[in-house]
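K.L.:
Sequence:
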Amino acid sequence: MKYSVSSLSLLLIIEFSSSLPFISIAPNSTLVLPCLPPSAPKLYENSISWAFTPLFPPSSSAIPLFPSSHLSHITSKDGSHLSILMFGERDEGTYTCVNAGWKDERQVKLRNSFSVRVFDASAFELLEVKLAKVGDDVQLPCTPPPATSLSPSHSGAARLAVWYRVMQNARKRLCLTGTEKEGERSTDASLRWASSTHLMGDWSILMSNITVEDSGVYQCEWVEDGNLESPLWSQKLELTVQYPPTEPPPMCLGYDTPWEQCDVESSRTSGRTILKESLAEFSFKIFSHLSQSQPSQNILFSPISISWVLTHMLLGARGQTQVDLEMALSLPHSFSCLHKEMKSLTEELKDSVEIASNIYHKPEFKLNQIFINQSQLFYGAVPVKLTNDSEQNVKLVNDWVAEKTNQKITGLMDSVPPSTLLMLINTVYFNGKWKTMFEKKPKHASFLTLSGDIISVPVLYSSKYKLAQRYSADVKAQVAVFPLSGRARLFILLPQSPSQEHLTQLENMLTDVNVRKMVRYMDKAPTEMTEVTLPKIQLDVKTDLMELLETLGLSDLFVSPNLCGLSLDDSDPPLSLSDAQHRAFLSLSEKGVEAGAATSLSFSRSFASFSALRPFVLLLWGDQVDGPLFLGRVAEP
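The sequence shown maps to residues -19 to -1, 1 to 618 in mature numbering (1 follows the signal peptide of the UniProt record, and there is no 0).
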């Protein structure tokens, strides 16, 4: 019996083609060709080869390039790429790369080809560009060089210029008025020779009252003896006709309506709740920014003073500026009852907290009458005109602020620059008496600062103070509550240790949600006779609000805010915020807590004692607001 053995081998070839029919390259350039695209399948036990088929002569056979080549200017390190130096006409042709190997137990070849040509780098067209506006008269120049100037040739042949409009696939000859030949006269008076002396060599043309349809390419040719087929010289121009810029519509067009009227029923059911929640969230957003930017300094601010002046501005804000202010203040969009609720809250607080607002403006800056009326209605603010005397303006503003803060804040403004058109001012003044008094005998004690220094400070002391204190896990602090007159309370929050780490941990926990939980928790805390020691405090802190406002997403206030509800005049330059200052004062004395603010745009113990003789956080809490009236950090009394 005979046995036969046969073997069958199948080769799979996969070809890749360039997305372009051929590659054009400038002469004397370096060309690098990849063998395969990144998407090509990977082969194992593979080998790569390159071959070149010259363009000229066409009958040439392929020349091996890799792994071996006699062409020194063509190189390849491993076959994955081919480099050709000083590419010239000799290198024009087709380059083919073949990668042979195995894939999925099949023998395959991957083939890729490139057709490469050299382009003529000098083959370009020069066009003079002419820009014009609709309705203009425009001159298209045509002045042949001196070598072809209008002088009779030796053969007596005449030379002249012929104008064309170059269309997509053809040229249209232009007929102009003023030509020497009757057949070339144009019935279109908008197109004529620019000069009556064009026979002297200037063959420019003038187009009158042009339109957008006149845009395109125009060509002037210099011909001899009417031979249009063989011009002696040619010049092309591209004319672009644009509509003249239109005046933008007034910035405040459509923004002349007053703030939307509040629905009384909505205000009664949810308005106050929305305002309280927004004020609390806004308060701790500010504290978070200030505590992080000033990690070891005294901090004191009145969130209601800052929010009052921003909501006053919101009364005149429209468009995106309104949206940005609402987001910064943690308010829902178009909360129509906002200003009514602000007025109502101001009236409820008047027995304990005095809130006042005012408007100062240059006489030439015309306020919207609607804004004036609503400012007086909701914020009790009546516009006051500034003078041309900067010092007098400073005194005018500072005297008002000092009066409204019981002389606790003087010198809020250092200057009022002549460029100031408008100032919105708000003041808050609080004077609360201790419900349980401290001993009047003067005492001193040692206060440990964040840096580890021990300083002697005057203190408030009582050996028998009826106090509620607890450790609050919500804020990671020992919390004591001191009742005050006027439905207010002072919360002192002591971190677990005098370290910066524990102070920062406490401050990071101060969100509106956590603080509300802490307040509710302390409402249930029993009081007991406690030995209390508090440092006497007299804080006077000035805060530049410009960086804070930018952090809150209000950077547009510095550029070109939409304050069209405030003034309908399109000022140039537009109204923008140039300065924003806040100053807060707080005093802890035997009598109680006294605080003021002004804003301008422009761990538990086993014994009953409480000693705040190291850095702590204080919250002056208003029960009617259900939020902080003043908020701060005492790093050093």
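Quick caveat, the hints were computed from the structure, so don't treat them as lab data. Among the hints, a few may not be true.
[To be verified] Straight-line C-alpha distance at most 27 Å; calculated DSSO-like pairs for lysine-lysine:
| # | residue 1 | residue 2 |
| --- | --- | --- |
| 1 | K457 | K366 |
| 2 | K416 | K347 |
| 3 | K257 | K505 |
| 4 | K114 | K90 |
| 5 | K266 | K422 |
| 6 | K366 | K376 |
| 7 | K331 | K572 |
| 8 | K257 | K23 |
| 9 | K343 | K424 |
| 10 | K523 | K331 |
| 11 | K84 | K58 |
| 12 | K257 | K58 |
| 13 | K347 | K422 |
| 14 | K505 | K416 |
| 15 | K517 | K414 |
| 16 | K416 | K366 |
| 17 | K447 | K414 |
| 18 | K572 | K447 |
| 19 | K347 | K257 |
| 20 | K153 | K257 |
| 21 | K324 | K266 |
| 22 | K414 | K523 |
| 23 | K217 | K257 |
| 24 | K421 | K257 |
| 25 | K457 | K498 |
| 26 | K523 | K572 |
| 27 | K414 | K376 |
| 28 | K445 | K347 |
| 29 | K321 | K376 |
| 30 | K422 | K457 |
| 31 | K90 | K58 |
| 32 | K84 | K114 |
| 33 | K457 | K505 |
| 34 | K257 | K366 |
| 35 | K517 | K447 |
| 36 | K424 | K445 |
| 37 | K421 | K457 |
| 38 | K114 | K257 |
| 39 | K523 | K498 |
On a predicted model such as this, the values are computed, not experimentally measured, just so you know.
K.L.:
With reference to the structure, classify each hint as holding or not holding.
P.N.:
Here is how each hint holds up against the structure:
no.	hint	in the structure
1	K457 to K366	violated (50 Å)
2	K416 to K347	violated (49 Å)
3	K257 to K505	holds (22 Å)
4	K114 to K90	violated (61 Å)
5	K266 to K422	violated (40 Å)
6	K366 to K376	holds (13 Å)
7	K331 to K572	holds (20 Å)
8	K257 to K23	violated (65 Å)
9	K343 to K424	violated (52 Å)
10	K523 to K331	holds (25 Å)
11	K84 to K58	holds (24 Å)
12	K257 to K58	violated (73 Å)
13	K347 to K422	violated (58 Å)
14	K505 to K416	holds (18 Å)
15	K517 to K414	holds (15 Å)
16	K416 to K366	violated (43 Å)
17	K447 to K414	holds (15 Å)
18	K572 to K447	holds (16 Å)
19	K347 to K257	violated (34 Å)
20	K153 to K257	violated (76 Å)
21	K324 to K266	holds (23 Å)
22	K414 to K523	holds (25 Å)
23	K217 to K257	violated (73 Å)
24	K421 to K257	violated (37 Å)
25	K457 to K498	holds (12 Å)
26	K523 to K572	holds (25 Å)
27	K414 to K376	violated (31 Å)
28	K445 to K347	violated (60 Å)
29	K321 to K376	violated (32 Å)
30	K422 to K457	violated (33 Å)
31	K90 to K58	holds (20 Å)
32	K84 to K114	violated (65 Å)
33	K457 to K505	holds (18 Å)
34	K257 to K366	violated (34 Å)
35	K517 to K447	holds (19 Å)
36	K424 to K445	holds (16 Å)
37	K421 to K457	violated (33 Å)
38	K114 to K257	violated (58 Å)
39	K523 to K498	violated (30 Å)
In this structure, the earlier hints numbered 1, 2, 4, 5, 8, 9, 12, 13, 16, 19, 20, 23, 24, 27, 28, 29, 30, 32, 34, 37, 38 and 39 are contradicted, and the remaining ones agree with it.
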